[in-house]
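Residue numbers (the working numbering): 1 to 101.
Derived from the structure by calculation, the hints contain no laboratory data.
Heads up, the beta-carbon is just placed ideally off N, CA and C, and yes, glycines get one too.
One thing to keep in mind: the hints can contain errors.
Said to hold, decoys possible - Taking lysine-lysine and the PhoX-like style, the derived pairs with C-alpha atoms no more than 25 angstroms apart in a straight line are:
| # | residue 1 | residue 2 |
| --- | --- | --- |
| 1 | K73 | K43 |
| 2 | K73 | K51 |
| 3 | K43 | K18 |
| 4 | K12 | K79 |
| 5 | K43 | K12 |
| 6 | K79 | K57 |
| 7 | K57 | K73 |
| 8 | K18 | K51 |
| 9 | K43 | K79 |
| 10 | K79 | K18 |
Said to hold, decoys possible - Ranges of calculated distance between the beta carbons of each label pair, as one might list FRET restraints:
| # | residue 1 | residue 2 | range |
| --- | --- | --- | --- |
| 11 | M1 | L78 | 14 to 20 angstroms |
| 12 | K79 | E38 | 17 to 23 angstroms |
| 13 | L13 | E72 | 21 to 27 angstroms |
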Amino acid sequence: MNLVTLMNSFMKLILEEKIEVYNEFSLQHELGIFLRNELTNYKIQFERNTKFFNITKTIKHEMDIVIYNESEKYAIELKYPQNGQYPEQMFSCVKDIKFME
1 MNLVTLMNSF MKLILEEKIE VYNEFSLQHE LGIFLRNELT NYKIQFERNT
51 KFFNITKTIK HEMDIVIYNE SEKYAIELKY PQNGQYPEQM FSCVKDIKFM
101 E
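Model the full assembly from the supplied sequences, consistent with the hints where possible.
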């Protein structure tokens, strides 16, 4: 599986206005639907608890999208800056990455 290629394909659909995204909730669900259609050998779940990855004692408890099968697990955490909140959302994204380390 190449997540980068899949994400690029998904973003292209948004740019071509074949998928409409207007907030973080719609981004999460449209991406999840897209991934379910593309990754038929994987399960796609929303807001999965971090315990699924054996991560405990954290401030953050759910991952936006989880992709997995019997041998692989991936997590996607999304940010959707609105109203010029780019610096705040970038900082929030960095906090989430630090959390996953």
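(message) Please list, smallest to largest, the hint numbers that this structure does not respect.
(response) 8
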